[in-house]
Amino acid sequence: MKLIKKQIPLAIVFFFGVLTLASYYVPHKVSVDFMEMMNKWENIVSAFAFFLGLISLFYSHYHKISRKADGWGYSLFVYIGFFAMVVPAILCHGKLMGAAGQTALGWSFSFMYNPLSATMFAVLAFYIVSTAYRSFRIKSLQAFVLFMAAFLLILGKVPLGQIIWDSVLGWTGAGVDQVIEWIMGVPAVAGKRGIMIGIAIGAIVTSFKIIFGIERQYMGKD
Amino acid sequence: MSETWMIAGAWIAAGLTVFLFSFLYKDNPFFKIAEHLYLGAGMGWWFQVYVYNILGPKVWTPLVNHDWMVLIPAILGLSLVTQFVPKISWVSRYGFTFLMGYGSGLAIPAGLSTDFISQIGGTIRPLSMMASMTPWAIFNSLLVAFGVICVLFYFFFSVEHKGHFKKVSNIGVYFLMIYFGAAFGNTVMARFSLLYGRFDDLYTFSASKYLYATQIILAGMIIYFAIHGLMNRGKKQAEAVN
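Protein chains in written order, with my numbering: chain A, 5 to 226; chain B, 321 to 562.
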């Protein structure tokens, strides 16, 4: 049983990990075809992983409705939202545009999913600003540098900020857009590169640990 | 799309936008309805994307054409669903291990080439072209190289941060702060551009062409909050008397 439950899954990780890694560095038609096939396979398995999440979500809300838990009525809207997208998709075979213009799915996307999605993220603008107001207390030089970088970025991207900059610091000869370009292209790049190099080292080491079966938390218990 | 559908769409879009914005005042049933609709609609959208872009062309069509190889990923994918049956949930490991193996195998060359080697290359390359660079460009290149080294010192934990090591890593923190500040500023502006978009849509839907959808929905929300507030105040007063 240990063979089926543990050793074969670990062998699968090793097999696909090493083959994918090797294929990347082997410039041959066989390896290119293998990578294409693996990419297709990954898409298919990922689709089923999505269904796993979908079933879990539906089960959780069904449970809430059947137990008549607090706010169970709202759970009905999860199903309404789901079918509002899926039924039009079935009717027009997943196409947003048809010969006569926008399809039913296109309509659902434009007037339901898109406004919901955009507004949900737009609301975050208010929370980001209120969080910044509370957390950007300039207590140290480092905090001041963080604040100035953010402030200049925001200031320089609105016309009012550009007018203020020109009237107060116009004598320097440097426009706020040039200052932003320099921040983004020089000191911010240095910080970003340091982080990216660190992330890359971490990702590579973790990947090797997964391939060689040292890291196996994703397999769960038992 | 007929005009009736356009008007109906405008009312739904304006209504959902106002419902979600109403959370800025306080938590309320309209926000919760829109929030749950978003969850469902999001899942519905991705469901149809997976069905029509992956399962249809990459599983169903090959199977119809007797390409049985796709059964392997399909079975690996189906194994994931055994997560719901505790007794055989270990079967799902087969699907997960495939994803982890392929993902890890891909992450190593991708991380090496894009995040590791190209970042080091981007830092060093300008230093080899100094003869053809302006003094300002040379200063910038040196500053980037110096900043990257300082940041890497900050992330190097094998040696205790003290003495000169601490000074260098402290300078690295300033470069990190500039990057975080710049990233924050960009995020704020991206969110605000979405906000302008929503306001623009609300303005569009306030036209007579759309039967004043925005104004009527906004007025309805204000009336709801006013009545709800008055009723709550009445309840609180009755409780205080009792």
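Treat the hints as calculated values from the structure; they're not laboratory data. Each hint should be verified, as a subset may be incorrect.
[What the hints assert, rightly or not] Within a straight-line C-alpha distance of at most 35 Å, the following computed DSBU-like cross-link-like pairs (lysine-lysine) qualify: (1) B:Lys378 to A:Lys99; (2) B:Lys556 to A:Lys72; (3) B:Lys346 to A:Lys72; (4) A:Lys143 to B:Lys482.
Structure-based check of all given hints:
1. B:Lys378 to A:Lys99: At roughly 17 Å apart (the allowed maximum being 35 Å), A:Lys99 and B:Lys378 satisfy the hint.
2. B:Lys556 to A:Lys72: The hint holds at about 27 Å.
3. B:Lys346 to A:Lys72: Holds: B:Lys346 and A:Lys72 sit about 25 Å apart, inside 35 Å.
4. A:Lys143 to B:Lys482: holds, 23 Å
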